[in-house]
Structures are given as structure tokens and as C-alpha cells.
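J.: Residues per chain are reported as follows:
Number of protein chains: 2
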Amino acid sequence: MMNPIYYNLPTKIFMEKNCVQNHSEIFPQLGHKAMLVTGRHSAKANGSQNDILAILKKHHIEYTLFDEIDSNPDIEIVYKGARKARAEHVEFIIAIGGGSPMDAGKAIALLARQDIAKADLFTANYTSDVLPMVHIPTTAGTGSEVTQYAILSNPRAQTKTSIATNVLFPNYALLDPSYMLDLPRKITIHTALDALSHLIEASLSKKNNDLNNALSLEGIKAIRPALSVLQKNTPLSEKDRESLSYASLLGGIVIAHAGTNIVHALGYSLTYFRHIDHGRANALLLHRYLEFIEASAPQKIRVILNALELKTLDDFRMLMDSLLNEKENFTLDELKKYSKIALQAKNTSNSIATPNGDTVLQLYKQSLL
Amino acid sequence: MMNPIYYNLPTKIFMEKNCVQNHSEIFPQLGHKAMLVTGRHSAKANGSQNDILAILKKHHIEYTLFDEIDSNPDIEIVYKGARKARAEHVEFIIAIGGGSPMDAGKAIALLARQDIAKADLFTANYTSDVLPMVHIPTTAGTGSEVTQYAILSNPRAQTKTSIATNVLFPNYALLDPSYMLDLPRKITIHTALDALSHLIEASLSKKNNDLNNALSLEGIKAIRPALSVLQKNTPLSEKDRESLSYASLLGGIVIAHAGTNIVHALGYSLTYFRHIDHGRANALLLHRYLEFIEASAPQKIRVILNALELKTLDDFRMLMDSLLNEKENFTLDELKKYSKIALQAKNTSNSIATPNGDTVLQLYKQSLL
Numbered sequence: 209m210m211n212p213i214y215y216n217l218p219t220k221i222f223m224e225k226n227c228v229q230n231h232s233e234i235f236p237q238l239g240h241k242a243m244l245v246t247g248r249h250s251a252k253a254n255g256s257q258n259d260i261l262a263i264l265k266k267h268h269i270e271y272t273l274f275d276e277i278d279s280n281p282d283i284e285i286v287y288k289g290a291r292k293a294r295a296e297h298v299e300f301i302i303a304i305g306g307g308s309p310m311d312a313g314k315a316i317a318l319l320a321r322q323d324i325a326k327a328d329l330f331t332a333n334y335t336s337d338v339l340p341m342v343h344i345p346t347t348a349g350t351g352s353e354v355t356q357y358a359i360l361s362n363p364r365a366q367t368k369t370s371i372a373t374n375v376l377f378p379n380y381a382l383l384d385p386s387y388m389l390d391l392p393r394k395i396t397i398h399t400a401l402d403a404l405s406h407l408i409e410a411s412l413s414k415k416n417n418d419l420n421n422a423l424s425l426e427g428i429k430a431i432r433p434a435l436s437v438l439q440k441n442t443p444l445s446e447k448d449r450e451s452l453s454y455a456s457l458l459g460g461i462v463i464a465h466a467g468t469n470i471v472h473a474l475g476y477s478l479t480y481f482r483h484i485d486h487g488r489a490n491a492l493l494l495h496r497y498l499e500f501i502e503a504s505a506p507q508k509i510r511v512i513l514n515a516l517e518l519k520t521l522d523d524f525r526m527l528m529d530s531l532l533n534e535k536e537n538f539t540l541d542e543l544k545k546y547s548k549i550a551l552q553a554k555n556t557s558n559s560i561a562t563p564n565g566d567t568v569l570q571l572y573k574q575s576l577l
Numbered sequence: 209m210m211n212p213i214y215y216n217l218p219t220k221i222f223m224e225k226n227c228v229q230n231h232s233e234i235f236p237q238l239g240h241k242a243m244l245v246t247g248r249h250s251a252k253a254n255g256s257q258n259d260i261l262a263i264l265k266k267h268h269i270e271y272t273l274f275d276e277i278d279s280n281p282d283i284e285i286v287y288k289g290a291r292k293a294r295a296e297h298v299e300f301i302i303a304i305g306g307g308s309p310m311d312a313g314k315a316i317a318l319l320a321r322q323d324i325a326k327a328d329l330f331t332a333n334y335t336s337d338v339l340p341m342v343h344i345p346t347t348a349g350t351g352s353e354v355t356q357y358a359i360l361s362n363p364r365a366q367t368k369t370s371i372a373t374n375v376l377f378p379n380y381a382l383l384d385p386s387y388m389l390d391l392p393r394k395i396t397i398h399t400a401l402d403a404l405s406h407l408i409e410a411s412l413s414k415k416n417n418d419l420n421n422a423l424s425l426e427g428i429k430a431i432r433p434a435l436s437v438l439q440k441n442t443p444l445s446e447k448d449r450e451s452l453s454y455a456s457l458l459g460g461i462v463i464a465h466a467g468t469n470i471v472h473a474l475g476y477s478l479t480y481f482r483h484i485d486h487g488r489a490n491a492l493l494l495h496r497y498l499e500f501i502e503a504s505a506p507q508k509i510r511v512i513l514n515a516l517e518l519k520t521l522d523d524f525r526m527l528m529d530s531l532l533n534e535k536e537n538f539t540l541d542e543l544k545k546y547s548k549i550a551l552q553a554k555n556t557s558n559s560i561a562t563p564n565g566d567t568v569l570q571l572y573k574q575s576l577l
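Chains as they are written, first to last, in the working numbering: chain A, 209 to 577; chain B, 209 to 577.
What the hints contain is simulated information worked out from the structure, not anything from laboratory work.
A few of these clues could be false.
Simulated crosslink set (SDA-like; lysine to any residue; CA at most 20 Å straight-line) [to be verified]:
#  : chain 1 : residue 1 : chain 2 : residue 2
1  : A       : K415      : B       : N226
2  : A       : K225      : B       : Y214
3  : A       : K447      : B       : N417
4  : A       : K447      : B       : N226
5  : B       : K429      : A       : N211
6  : B       : K415      : A       : E224
7  : A       : K447      : B       : M210
8  : B       : K447      : A       : N421
9  : B       : K225      : A       : N417
10 : A       : K225      : B       : K415
11 : A       : K447      : B       : N421
12 : A       : K429      : B       : D418
13 : B       : K429      : A       : N421
14 : B       : K241      : B       : D337
15 : B       : K225      : A       : P212
16 : A       : K429      : B       : N211
17 : B       : K414      : A       : F222
18 : A       : K447      : B       : D418
19 : A       : K415      : B       : H231
20 : A       : K548      : A       : L569
21 : B       : K429      : A       : K225
22 : A       : K447      : B       : P212
Quick list of simulated restraints, FRET-style, between CB atoms [claimed, not checked]:
#  : chain 1 : residue 1 : chain 2 : residue 2 : range
23 : B       : K225      : A       : D278      : 46 to 52 Å
24 : A       : A332      : B       : Y287      : 45 to 51 Å
25 : A       : E517      : B       : L273      : 33 to 39 Å
26 : B       : A503      : A       : A262      : 41 to 47 Å
27 : B       : P236      : A       : A325      : 26 to 32 Å
28 : B       : A327      : A       : A325      : 43 to 49 Å
29 : B       : H267      : A       : A325      : 32 to 38 Å
Examples of chain A residues toward chain B, derived with CB under 10 Å [claimed, not checked]:
#  : residue
30 : N211
31 : T219
32 : K220
33 : I221
34 : E224
35 : K225
36 : H231
37 : S232
38 : F235
39 : L383
40 : N417
In this text, all values refer to a predicted model and were calculated from it rather than measured experimentally.
The beta-carbon is built from N, C-alpha and C at its ideal position, and this holds for glycine as well.
For reference, chain A alone in the conformation it holds in the complex (with noise of 0.2 Å):
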């Protein structure tokens, strides 16, 4: 029989060009007062915010930028925010940029309105009262904009970890890939391994059904060709823009409905503790993944690199070597270190074929020593 299909998608979608100008009746229903939530530069360099701001203007909605949210966002800022949120007397949300405001931008809808302790915020009993959000990807990765995940760089547990409730779907996700023309190669190329791995990962996962198994396919095929020209050094072209935000929000939409497995658990230290790029730190670890996979779901890694137009595991070795250059070093001891954090995180035991302790030691030293 077939995997139960849950399906929950709340978050309406819009992706075109011109995506905030076109849809701008929905601000004013959220509320009269926004915060901001995004990065120091980018969301300014795009065009993004200036977006927003001629449409808030032209709605005759209060704002207040928040403009503070660096790579990787951990429990303080989002709590500043909610802070700055509560004095402001905002009433909705409009997160801009990649992973990082939009996943602050969920936490602090939720901490605008909820009262939970710092040493709670992963695991209380979040209630349905957020601020209405408006998600705006300017990367085509996280897939944030259609998920109910908002992750956290997590002290206490020297990692990242998720605050993941059903209350955190945006209301909104507006997609406008032409934000994105101007991203660096670099930061283009690590955001779509991201989604390259959200799409596999969730195909992977325990909580995958067929819905979601034809959606991560389809997602597989559409980054394709644009992968292909990340790997030569030719300039993206808009249709490739369109198709690497599009396999983002596919990616994402996937992931909410199966969740992310083993790989990103164990990227997650590589970014905590090295600062490696989250889709990046993903890529690292892809290709001895599948091949663990492989040991006991063939058809399923034949699936995907049909998708893909791969004839094997060794070609997918290839792709990910192009797309990510010289290789960062890495200690026998800190992958230790690495693998005991791991084992703790809850995706791990997401994968059709869940890893032991010797199991992640040896993804770690296979893709990193």
C-alpha cells in the first residue's frame, strides 16, 4: 500500500516577475503596521525593499525596519525583534531575503505574540496566535517561504535547531525571481544545493508519500539545466533564475511535508562550527549519502539520478565536485565531535535507512578526511 498522504499547505503562493507590485492587495488586509524583517544589504541592493516600501506608501501602512539579521540568526536577535515588534505595536510581518530573515521573521511573529522562555523556544506549546507574515525569498534555496521551519543557531545545543509548529507558515509567499539576476555565482550555487538537497533528502525521508515524491521530482528536473550552467562559468539567465526558485519553493514545499534527513543534520555542525555555507555544508555530505542509501534502496537513488539525467552515483560525485571547488580540511577529532551532536539532532532518524553512530563517523570521514 501506499504512504498515508498528510497534506497541509496553508502558505498562499505567487511567483512571477513584478510578484509584489502584482499582488499588493494583500497588505492591507494583514494590518496597518509592518516590521521588516531582513538582512544589513541585500534586500537594498536587489530592489526588494524598495518594493515593499513604494507599496506600503502607496497603502498607506506604518512600518518599521528591522534590518538586523546576519547568516545564520540565533535566539537573541529574534528575541530583539520581537521586543522591537511588541513596543511598536506592529501587526504583521514582511520578511525579506534568504533563509536567515525569513526564518527570524517567523520566530519573531511568534515571539511578538507568545511569551515563551528563551530555553523554551524548541520545544513549548506554541498556540495559533502569530503575526500574519509576508515571506519574500531574494535566494533560490531555503524554501522558508512554504514551510513551517524557522532554524535557529542553538547555543545550548551547539548546533541549529528548529522551531517547527504548523503556526509558522506564512500566509503569503511571493516569488519574484528576478531579485535574484544579480546574486553572486557563489552564494547562487550554494543556495541551490540547498534545494538540490531538500529535494532529495525529503524523496528519502520516512514521511514521504507519492504526492510529495512527484513534486521532489519534479523539482530535481527543473534545477537540472540550471545546474549545468552553474558548472560552466556562464552567466544565469532569467529562465534559469525562474527555474532555481522555482525547484527552491518545490524544495520547500517537500520538506514541510517530509522533513530533511540526515544530511542536513550533519551539515548543520559544519556551519555551526565552521562556518561553511548552509547548502554548501549539504553538498559536502550528498554524494556518500546516496551511496549509503543505495546499500538498501537501489531504485529510489536510480529515480533520482534518472531525474537528474545521471547515469550513476559516480556522475553525481562529479556534479557536486564542479559546482564546489576546493574542499575545506577537517580533523579526525572534530568530525568526533561532530557525529555525537548529529546522533542527537531529530532529522537523523528521518531517512528510509537511519545511520548507527559508526554510520555517521563514516559519512563524515568519507565526504571530509
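We have chain A; now place chain B onto it with these hints.
T.: The following block gives chain B in isolation, referenced to the frame of chain A:
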């Protein structure tokens, strides 16, 4: 560039064996008094009504039974249901059955909360104030459990017309394919062909997009093995019932986003005037519709045929003929009358190739004379 992607599927979907029992916690969240909207017989025969009554008892939820929904419900019956819902202070709707009770359930949920004159039913400015709804399909075809449409017989326009508004998405869709195990073969065929028609028409709609198209093709692939079983006289397995439910669900999702088009517009007259089952009516017209589209978009037809594992449209015609058996007779005068009505339907213009009056009559004549 891609078509814009607009995606909105607020219905929470659960599909599995024992679905009603496994998710019974949703019912007390929706209110203290339910109205069961269903037909006279099938929900009693297939066990779904008893399952629901047991759950309501367990959760101390009162109910009133409105089991007067015949095939192709008209305006009068939903106003009657709404009066009863108001009089008995019903707080939510549980619709059980095929498309007729599920669509009637939506209209009752609307009319129980909003005063809408009969003449304005299909065109009113609906507010978001509707009773919450749980939809439980006991056929695999309509997909109504995941759409915003309530289709009713409309004597004024001499056809079936749809109330189409996002407020009519059910809150929950609970699909248990085992309710369909004893469904008669003829109903199984006709409803399956309705699902097939949804999947095909959505993929040939102007409003189609890549995400929707991926789900259409997934549905077409999923329904194919069951259609082969239905061609022979062998019994359907649980797995076949599951595939049909899954394809029907996907058909609902894709028409929620891309709508139906010419086939449904033309089929309604066959049901309205000649009482031909809705799915059968569509299937009688599908082959010639695909020929009409092939003239301007052969690649789209190729993709559909590939998903059906068929080589040519002639193979498609043979597949339909083997499922439809002996066909009804029509006169040219009837078809001329139907053509005029079909040209008024808003979904006629939703096809990627739009027919004029001559083409519509031609489609009818080729299909039915």
C-alpha cells in the same frame, strides 16, 4: 518564461485506511453540533456514515442528518439544507459521498451563514463567513473534497453551474479508499473517467502552470493501471481503489488551480437534459477534444499519451470505447441546442485552444452522432 504560479490549497488532506478514526481529533475542534450532508443510501451501505456517527458519539458532538441529496442536486435542496442547518444551530458540516453531497455540503455551509437570493447564488459577493466543513469522498472522481467549487443544477441557465469561491475549500478532506471497495463497476468507471477528465483538462487549461502540470501527469500515471483493470472484468484490488482515490484527489487539486474547460462545459448538457452520469458525459467528449487540441499543441497531447502509456489518440479512443460500452443516441437538433448553452459557459474559454460556435457543434457531432 513559465506561466505564473498561483497556489492556494487551504484544505488539510488526510488519505489512508481508517482515515476517519485516525484523525477523529479534528471533529471536536470544529464545533458542538454537526450536520451530516449525504445521499439516501451509499453512506449507509459503505460504512462511512456509521464510522462518523461513532466518532461524533465518542466526542459528544450532536448531529442532525440531512440525507436527501440526489445526483446533480439543484438550488432548492441546498436552500432547504441551509434552513435546516440554521434552525438546528448547526456549527459545522460533514459531507459524505460523491460529488453531489460534497458540493451540496459546500453550498449549505455557505447559505447557512449568508443571506443570498436564489437568483444571485452563482454570482454573489461571498464573504468568508461559512460553516467549517469536513469532506469525506466515497467515490473516486469528483475531487470536490479539495476544490472551491460547488456545482449545482441551474434551471435558469438550463445547465450545471458552479459557485466558485475560495471560501468553499473544505477545512478537511478525509479519504479512505476502503469505503469504495464495493462501489459498482459502472459507477467506478464513470467516476474514474471524471477524474481523468479533470487531470487532462487542467493540463490543457490557460491557467495551468508547471507545478500543477506535474500533479496532472502524476495523476494520469497513477490512474492508468486501474483503467486497465476496469477494461477487463476482473475485480478491483485495494491497491486499485487507492490509486483511483489518489488520482481523484490530484484531479481535484489541479482543477482547483487551473479549472476545467471545454469537456466539462460540453458535458453538462448531456447530464442536464439526458441524465448521463457526469464522468461518462465527459468521457464521451474527451477523444475529440484531444484531437482538437492536438492541431495547435501536439506536444501537450504527446505528454498526456506518454503518461497513459498510449501511442496515438486512436489508442486513446479505443481505451475510452472499451470503458464506455454502448453509447447513447443524439439528434442534431439536441446538439445544436447544447452548443448554444456550452458557448455561454465560462470554462469554455479556459482551454489553451478556444473553440468558436462551429467548433463546439463540430466537437459534439464528432463525439456523439
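J.: For each hint, tell me whether it holds in the structure or not.
T.: Do the hints match the structure? See the list:
1. This hinted pair checks out: K415 (chain A) and N226 (chain B) have alpha carbons roughly 18 Å apart, not beyond 20 Å.
2. Proposed proximity of K225 (chain A) and Y214 (chain B) is supported: the alpha carbons are some 12 Å apart, at most 20 Å.
3. Restraint check for K447 (chain A) and N417 (chain B): the C-alpha separation of about 15 Å stays at or below 20 Å, so the hint holds.
4. Among the hinted pairs, K447 (chain A) with N226 (chain B) is inconsistent with the structure: their alpha-carbon atoms are about 45 Å apart, more than 20 Å.
5. With a C-alpha separation of about 17 Å, the suggested pair K429 (chain B) and N211 (chain A) falls inside the 20 Å cut-off, and the hint holds.
6. A hinted pair counts as satisfied when its Cα atoms are at most 20 Å apart, and K415 (chain B) with E224 (chain A) qualifies at roughly 13 Å.
7. A C-alpha spacing of about 8 Å is found between K447 (chain A) and M210 (chain B), which places the hinted pair at or below 20 Å, so the restraint holds.
8. Distance check on the hinted pair: K447 (chain B) and N421 (chain A) sit about 18 Å apart at the alpha-carbon level, within 20 Å; holds.
9. Distance check on the hinted pair: K225 (chain B) and N417 (chain A) sit about 14 Å apart at the alpha-carbon level, within 20 Å; holds.
10. Between K225 (chain A) and K415 (chain B) the CA atoms are separated by roughly 16 Å; this keeps the pair inside 20 Å, and the hint holds.
11. At most 20 Å may separate the alpha-carbon atoms for a hinted pair to count; K447 (chain A) and N421 (chain B) meet this at roughly 18 Å.
12. Among the hinted pairs, K429 (chain A) with D418 (chain B) is consistent with the structure: their alpha-carbon atoms are about 12 Å apart, no more than 20 Å.
13. A hinted pair counts as satisfied when its Cα atoms are at most 20 Å apart, and K429 (chain B) with N421 (chain A) qualifies at roughly 13 Å.
14. Distance check on the hinted pair: K241 (chain B) and D337 (chain B) sit about 17 Å apart at the alpha-carbon level, within 20 Å; holds.
15. About 8 Å separates the Cα atoms of K225 (chain B) and P212 (chain A), which keeps this hinted pair within 20 Å; it holds.
16. Taking the CA atoms of K429 (chain A) and N211 (chain B), the gap is about 17 Å. The hint holds against a cut of 20 Å.
17. Only pairs whose Cα atoms come within 20 Å are accepted, and K414 (chain B) paired with F222 (chain A) is accepted, the gap being roughly 17 Å.
18. The straight-line distance between the Cα atoms of K447 (chain A) and D418 (chain B) is roughly 13 Å, inside the 20 Å bound, and the hint therefore holds.
19. At most 20 Å may separate the alpha-carbon atoms for a hinted pair to count; K415 (chain A) and H231 (chain B) meet this at roughly 17 Å.
20. Simply put, K548 (chain A) and L569 (chain A) have alpha-carbon atoms about 9 Å apart, close enough for the 20 Å limit, and the pair holds.
21. Annotation: proposed proximity of K429 (chain B) to K225 (chain A) is violated, straight-line Cα distance about 32 Å (limit 20 Å).
22. Distance restraint check for K447 (chain A) and P212 (chain B): the Cα-Cα separation of roughly 13 Å lies within the 20 Å cut-off, and the hinted pair is therefore satisfied.
23. Checked against the hint of 46 to 52 Å, the C-beta distance between K225 (chain B) and D278 (chain A) comes to roughly 48 Å, which is consistent with it.
24. The hint said 45 to 51 Å for the Cβ distance between A332 (chain A) and Y287 (chain B), and at roughly 46 Å that hint holds.
25. Taking the beta carbon of each, E517 (chain A) and L273 (chain B) are about 56 Å apart, not inside 33 to 39 Å as hinted.
26. Roughly 45 Å separates the CB atoms of A503 (chain B) and A262 (chain A), a value that falls within the hinted 41 to 47 Å.
27. Distance hint for P236 (chain B) and A325 (chain A): a CB-CB separation of about 30 Å, consistent with the stated range 26 to 32 Å.
28. A C-beta distance of roughly 58 Å is found between A327 (chain B) and A325 (chain A), which places it outside the suggested range of 43 to 49 Å.
29. Roughly 33 Å separates the CB atoms of H267 (chain B) and A325 (chain A), a value that falls within the hinted 32 to 38 Å.
30. For N211 (chain A), the suggested interface contact is upheld, since its CB lies about 8 Å from the closest CB of chain B, less than 10 Å.
31. At its closest, the beta carbon of T219 (chain A) sits 8 Å from a beta carbon of chain B; the interface hint therefore holds under the 10 Å criterion.
32. Residue-level restraint check for K220 (chain A) holds (minimum Cβ-Cβ distance to chain B is 5 Å; threshold 10 Å).
33. Hint status for I221 (chain A) relative to chain B: holds, with the closest Cβ pair at about 4 Å, below 10 Å.
34. At a threshold of 10 Å, the smallest CB-CB gap from E224 (chain A) to chain B is about 4 Å, leaving the interface hint in force.
35. With 10 Å as the threshold, the beta carbon of K225 (chain A) comes within range of chain B, its nearest partner Cβ sitting at about 7 Å, so the hint holds.
36. For H231 (chain A), the interface hint holds, the least distance from its beta-carbon to any beta-carbon of chain B being 9 Å, beneath 10 Å.
37. The interface hint given for S232 (chain A) is violated, since its Cβ lies 15 Å from the closest Cβ of chain B, which is over the 10 Å cut-off.
38. Of the supplied interface hints, the one on F235 (chain A) is violated, with its beta-carbon coming no nearer than about 17 Å to a beta-carbon of chain B, more than 10 Å.
39. Checking L383 (chain A) against chain B: minimum C-beta separation of about 8 Å stays under 10 Å; hint holds.
40. Nearest Cβ of chain B to the Cβ of N417 (chain A): about 9 Å, under the 10 Å cut. The hint holds.
Hint compliance for this structure: hints 4, 21, 25, 28, 37 and 38 are broken, all remaining hints hold.
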